[in-house]
Amino acid sequence: MMSEENTANISHETESFKETAMKLKGKYMTFKLADEEYGLQILKVREIIGMLDITPVPKSEEYIKGVINLRGKVIPVVDLRMKFGMEKTVRTDQTVIIVVQVIKDGADSTMGILVDEVLEVLSIEGSQIEPPPQMNDDANTSNFILGVGKSGKKVIFLLDIDKVLAK
Amino acid sequence: MTSSMQPEIAKLIEELATASMLSEWTDNNFYKDLLSNLPSLEALATSYPGAEKICKEIEQIAKIGLSEPDETFPGKLSDLFSQFLELENSVQKTRNNEFQLPPWVDEPTFKDFLSNQRTVLDDIESLLLQLEKGDLSILQILKGLFHTMKGESGVLNLLDIQELCHKCEDIMIEWKQGDSGIEILFQACDWFREANSSYENFKIPGVSHRSILEQIENFSQNSQAEKVADEPQNNTDLENTSQTPSDAVDSEFTNTTPVKPDESAEASTESNQGKVVLIPGFIDFTELSREYEIPDFASLEPDWDAETTEMLGEFINEGEEGLTRVDEILMNSESDGLGETLINDLFRVFHTIKGVAGFLELKEIEKLAHTTETLLNMGRKGEIEIIGCRLDLIFDSTELMRKMITSIRIGIETGKTISPQKPLKEHLVKLNLAIDGRITDCHEMTAKEGDRIGEILVNNKVVSESVVNGTLTDLKSGQKLGAALVEKGHVKPKEVAKALKIQRKVTGELKTVKDIKATVPEVTSVEKHSSEDTHDKSPVEQNQVDSSKTEEAKATTDKKATKLKETVKIDLEKVDNLVEMIGELVIVESMVTNAPEIIGISSLKVRNYINQLNKITRDLQSVSMMMRMVPVKGVFQKMARMVRDLSRKSGKSIAFEQKGETTEIDRNIVEYLGDPLVHMIRNSVDHGIESKEDRIASGKNPTGKITLSAYHEGGKIIIEIGDDGKGLNKEAILSKAMRQGLINSEDRLNESDIYNLIFAPGFSTAKQVTEISGRGVGMDVVKRNIESLRGKVLISTSPGEGTVFKIVLPMTTAIIDGMLVECGNEQYIIPTLSIINSLKPEKNMLSRLGNGAEIINVRGEVLLLVRLSEIFSIDGAESDPVKALVIILETYGQKIGLLVDNILKQQQVVIKTVGDEVKKQDFFTGGAILSDGKVGLILNIEEIVNQSRSGSRRIREGV
Numbered sequence: 071m072m073s074e075e076n077t078a079n080i081s082h083e084t085e086s087f088k089e090t091a092m093k094l095k096g097k098y099m100t101f102k103l104a105d106e107e108y109g110l111q112i113l114k115v116r117e118i119i120g121m122l123d124i125t126p127v128p129k130s131e132e133y134i135k136g137v138i139n140l141r142g143k144v145i146p147v148v149d150l151r152m153k154f155g156m157e158k159t160v161r162t163d164q165t166v167i168i169v170v171q172v173i174k175d176g177a178d179s180t181m182g183i184l185v186d187e188v189l190e191v192l193s194i195e196g197s198q199i200e201p202p203p204q205m206n207d208d209a210n211t212s213n214f215i216l217g218v219g220k221s222g223k224k225v226i227f228l229l230d231i232d233k234v235l236a237k
Numbered sequence: 013m014t015s016s017m018q019p020e021i022a023k024l025i026e027e028l029a030t031a032s033m034l035s036e037w038t039d040n041n042f043y044k045d046l047l048s049n050l051p052s053l054e055a056l057a058t059s060y061p062g063a064e065k066i067c068k069e070i071e072q073i074a075k076i077g078l079s080e081p082d083e084t085f086p087g088k089l090s091d092l093f094s095q096f097l098e099l100e101n102s103v104q105k106t107r108n109n110e111f112q113l114p115p116w117v118d119e120p121t122f123k124d125f126l127s128n129q130r131t132v133l134d135d136i137e138s139l140l141l142q143l144e145k146g147d148l149s150i151l152q153i154l155k156g157l158f159h160t161m162k163g164e165s166g167v168l169n170l171l172d173i174q175e176l177c178h179k180c181e182d183i184m185i186e187w188k189q190g191d192s193g194i195e196i197l198f199q200a201c202d203w204f205r206e207a208n209s210s211y212e213n214f215k216i217p218g219v220s221h222r223s224i225l226e227q228i229e230n231f232s233q234n235s236q237a238e239k240v241a242d243e244p245q246n247n248t249d250l251e252n253t254s255q256t257p258s259d260a261v262d263s264e265f266t267n268t269t270p271v272k273p274d275e276s277a278e279a280s281t282e283s284n285q286g287k288v289v290l291i292p293g294f295i296d297f298t299e300l301s302r303e304y305e306i307p308d309f310a311s312l313e314p315d316w317d318a319e320t321t322e323m324l325g326e327f328i329n330e331g332e333e334g335l336t337r338v339d340e341i342l343m344n345s346e347s348d349g350l351g352e353t354l355i356n357d358l359f360r361v362f363h364t365i366k367g368v369a370g371f372l373e374l375k376e377i378e379k380l381a382h383t384t385e386t387l388l389n390m391g392r393k394g395e396i397e398i399i400g401c402r403l404d405l406i407f408d409s410t411e412l413m414r415k416m417i418t419s420i421r422i423g424i425e426t427g428k429t430i431s432p433q434k435p436l437k438e439h440l441v442k443l444n445l446a447i448d449g450r451i452t453d454c455h456e457m458t459a460k461e462g463d464r465i466g467e468i469l470v471n472n473k474v475v476s477e478s479v480v481n482g483t484l485t486d487l488k489s490g491q492k493l494g495a496a497l498v499e500k501g502h503v504k505p506k507e508v509a510k511a512l513k514i515q516r517k518v519t520g521e522l523k524t525v526k527d528i529k530a531t532v533p534e535v536t537s538v539e540k541h542s543s544e545d546t547h548d549k550s551p552v553e554q555n556q557v558d559s560s561k562t563e564e565a566k567a568t569t570d571k572k573a574t575k576l577k578e579t580v581k582i583d584l585e586k587v588d589n590l591v592e593m594i595g596e597l598v599i600v601e602s603m604v605t606n607a608p609e610i611i612g613i614s615s616l617k618v619r620n621y622i623n624q625l626n627k628i629t630r631d632l633q634s635v636s637m638m639m640r641m642v643p644v645k646g647v648f649q650k651m652a653r654m655v656r657d658l659s660r661k662s663g664k665s666i667a668f669e670q671k672g673e674t675t676e677i678d679r680n681i682v683e684y685l686g687d688p689l690v691h692m693i694r695n696s697v698d699h700g701i702e703s704k705e706d707r708i709a710s711g712k713n714p715t716g717k718i719t720l721s722a723y724h725e726g727g728k729i730i731i732e733i734g735d736d737g738k739g740l741n742k743e744a745i746l747s748k749a750m751r752q753g754l755i756n757s758e759d760r761l762n763e764s765d766i767y768n769l770i771f772a773p774g775f776s777t778a779k780q781v782t783e784i785s786g787r788g789v790g791m792d793v794v795k796r797n798i799e800s801l802r803g804k805v806l807i808s809t810s811p812g813e814g815t816v817f818k819i820v821l822p823m824t825t826a827i828i829d830g831m832l833v834e835c836g837n838e839q840y841i842i843p844t845l846s847i848i849n850s851l852k853p854e855k856n857m858l859s860r861l862g863n864g865a866e867i868i869n870v871r872g873e874v875l876l877l878v879r880l881s882e883i884f885s886i887d888g889a890e891s892d893p894v895k896a897l898v899i900i901l902e903t904y905g906q907k908i909g910l911l912v913d914n915i916l917k918q919q920q921v922v923i924k925t926v927g928d929e930v931k932k933q934d935f936f937t938g939g940a941i942l943s944d945g946k947v948g949l950i951l952n953i954e955e956i957v958n959q960s961r962s963g964s965r966r967i968r969e970g971v
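Residue numbers (our numbering), protein chains in the order written: chain A, 71 to 237; chain B, 13 to 971.
Heads up, some of the hints might be wrong.
No farther apart than 20 Å at their CA atoms in a straight line, the calculated lysine to aspartate or glutamate pairs in the EDC-like style are these [stated by the list, open to error]: (1) A:K143 - B:E601; (2) A:K143 - B:E596; (3) A:K129 - B:E834; (4) A:K129 - B:D934; (5) A:K143 - B:D588; (6) A:K143 - B:D944; (7) A:K143 - B:E585; (8) A:K129 - B:E954; (9) A:K129 - B:E955.
Pair by pair, the computed Cβ-Cβ distance ranges are [claimed, not checked]: (10) A:E106 - B:S209: 53 to 61 Å; (11) B:D887 - A:S86: 48 to 56 Å; (12) A:M121 - B:K617: 32 to 40 Å; (13) B:E195 - A:K129: 54 to 62 Å; (14) B:R619 - A:T162: 39 to 47 Å; (15) B:G888 - A:T162: 23 to 31 Å; (16) A:F87 - B:P608: 52 to 60 Å; (17) A:S197 - B:G888: 54 to 62 Å; (18) B:Y621 - A:L122: 24 to 32 Å; (19) B:K123 - A:F87: 46 to 54 Å; (20) B:E64 - A:S86: 51 to 59 Å; (21) A:K129 - B:N756: 24 to 32 Å; (22) B:D887 - A:L122: 17 to 25 Å.
No lab work stands behind these hints, which were simulated from the structure alone.
On a predicted model such as this, the values are computed, not experimentally measured, just so you know.
Cβ coordinates follow ideal geometry from the N, Cα and C atoms, glycine included.
Bound-form chain A, shown alone (with noise of 0.2 Å):
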């Protein structure tokens, strides 16, 4: 009996995740983090700045790398290498600051991410895309992550970047 029902409630899982996975289709930008490559919804990039002076803000989370001057703006800039419980960035001449628009408690705000380097835009279709992993790691990276896009041999990890920057 149990096992009856879990086979179909994974059925349907997959039945329901083809559904996500079309809205999901669309131009992705992919960057690099180590050895991983992560996608972000190209609309919710806002811009791609090299590195600028960040000042540090003592005593906040270790993953804040500090803020920025956007043209007269203040952001926060993340450390997504250590949001990710990665080692934290050594900054090299590829480093280099993504804009995102994210919703924070239903409001839009602006920020930074830091990433390795940035690698091209892609197109993604429906069927390309995978549902995420069951991955148990201490920084809940599954949580973060909306599918599995698969383009030629490589393997992206479409980000949720909402969700990353929530907290």
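Mind docking chain B on chain A? Use the hints.
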């Protein structure tokens, strides 16, 4: 009727409508069905206004349809059904307390009215307070305000507001110094406010105005009864007594305002009967102005006081704006005709002018606006069409009105007597004739077939032949004569348009229209009269003109002359945007001027340019700040009202005094100021001021006094709330704080520490919780609100003499005066407001306690020394205090010394909000862009002081 029945009726209508769409128009059964369903529809819609008529029409069509159907029937029926549905919809909306705008009003107009009404209510309230003090001179102004509000709400179909305004006016007509009357008016004000916010959300007010109406009714009846006792011959009927001769003008208005539209309609049709329609050409203006009771208007002496002058200024600005709108409408109407909405727009303009002119006692303007409005009102109700000569009359009214308004402006600015406009009387007669339908043609031009434009104008005596000839010779190639004449100011565009129109019209049939102007030469049209002003005048008058001209010239140096303030309404968002952009400009400017490359430039010329740029940027910044400044008057007035109410509730007699209410303050601050003031004043009334008996016992004036004042001091705004009550009780505060566990007996507190305890959450010394205060939430809110504005509250009190709360606020929330300090490689901003001084410590001033806490002895005062580098774990900071700098900080009487490396400079910075991530911990209140383009964080001194003090306490207690 229950609500469950509602969907049924809608369903039925829809069914029938569908049937009518689907059925063939020849189908007998369809009409039969329809007829059989009609009774039930009628039964359901009994309470709907107008439903019966629609049902009748449907029935009629259906009946005819049975015998001789017509193919237009289904279309007609579906029209009727959709009307029915709309009706049902609106009934439904009213049932849901939804307010529907009347079709002739658009939403912006409506919202405009509501926002204006709020300001008017503020004015009314402050006037009421004056009235209560016995100042009867303002009754007229108050009445005027209510009257304007009544008229406007009538146009907007806000019938409850209209009715209540009317009753309020009634009360004031019969005004006697009496408490209950003013109480009712205050209540009415409260209701108006509630209604205002309901209507803003398109809801019908939850609380009906009926209860207030009843009170007014009772009140007037009582005073009526008194009156009757005094003068037995007086009629007790309310309506009649309100029409005492002195109020004749006013009651006349009441009749023609939308309150009783039918009456004025009747009146005008009645007057039509028995009067002969005048043949144009035989108008005896003297006779007629007597018949229409048009008074001789006297000259006005512009000796208004400052407040009235200010109101006049506003009136003039608004009036001119309105008239421009009228012009616009009228211009378009020449080609497109006047629709209902447009007539309504016109009506509103004149009505508003009438109301304001009424209470400013500008009789001429009032009369003209009133008469014009009456004519428009007839057009509004469809009794007459506003075309031809009536349209011209409105044109002339506008023209004349503008002249009168301008003459008042000139009068105020030069201080010179304002003489009445000569053509006014004649124009009023014409308007009245038009209202009575006694003239239909007054200003028609004549033309013969083949007349050219110049000939028409000359023949109609608009311009002289010589002028036309002169203009013709000067005519540039391609330029039309009409245009040239207008350009040179010889004729009005309107007249050229009219001449062109008549030129087109006269083809075969030629109408000879005798116009007033042609047959009665001395009665020229308004514009003509004024354009020939100087020619018509007798030598004596000419002299007067000359002398007045010289007077005018003199008047520029005359002390009496006042410059009128002109204002423009701007969307607040635009102002905020501008201020923000200027803020950015300031930052960029300082980034540019501080860039090493620029600093390195030695050219004197460039340095000069940079200095100029700097100056302009600063000026721009201060101007932009000024734009957001508003007087504190509004908030103060609310407090005045509150003290009045509270003193009644508590049974204490309290006089309220306000000073410096014109002091200006950032409107963002004003918004947050209301709450703290409410709490503090409540506290003063309840805890500060003693009861009458106590006051008498201690030899004080039995009437307590609360003073609210605002002033500038050293770039800050100070707001003081003072009372002459018993003062704060140090012992009571201490014992209470100890009982509540806020302090323990070992804490050694100085005086200001003790007083500041009243700001602690939950603290209250009141022996009992009264209705007004005592629950201990108040002062906590005060402190938080004021702090969020980057201000502080200071207390000074002396037992038996009273307490003064001093609120120190920055001029604006957008900018902060800060000290840029350096610690390691980091820079932070410390608000100058919190800094007492800074010093380079010497070795002998420093010592370390057993628990490791560092202290510094500043001229005998022992303070905790806190290293910023330690709190924030900053690397590379100076570790030897003697080589570093100590800044003495204070918040709420608590002082510490903060050790930083260096003070870089003092500067004003534009405060930027930082994300929640940064805000989450309380060490920073915001960020600012520094001159090098980097972000500097603004320290929250209170948090740092509190943290370090509690930290050292924990160490001391061994936790």
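Verification of the hints:
no.	hint	verdict
1	A:K143 - B:E601	holds, 15 Å
2	A:K143 - B:E596	holds, 9 Å
3	A:K129 - B:E834	holds, 18 Å
4	A:K129 - B:D934	holds, 9 Å
5	A:K143 - B:D588	holds, 15 Å
6	A:K143 - B:D944	holds, 14 Å
7	A:K143 - B:E585	holds, 18 Å
8	A:K129 - B:E954	holds, 16 Å
9	A:K129 - B:E955	holds, 13 Å
10	A:E106 - B:S209: 53 to 61 Å	holds, 55 Å
11	B:D887 - A:S86: 48 to 56 Å	holds, 52 Å
12	A:M121 - B:K617: 32 to 40 Å	holds, 37 Å
13	B:E195 - A:K129: 54 to 62 Å	holds, 56 Å
14	B:R619 - A:T162: 39 to 47 Å	holds, 41 Å
15	B:G888 - A:T162: 23 to 31 Å	holds, 24 Å
16	A:F87 - B:P608: 52 to 60 Å	holds, 57 Å
17	A:S197 - B:G888: 54 to 62 Å	holds, 55 Å
18	B:Y621 - A:L122: 24 to 32 Å	holds, 29 Å
19	B:K123 - A:F87: 46 to 54 Å	holds, 48 Å
20	B:E64 - A:S86: 51 to 59 Å	holds, 56 Å
21	A:K129 - B:N756: 24 to 32 Å	holds, 29 Å
22	B:D887 - A:L122: 17 to 25 Å	holds, 21 Å
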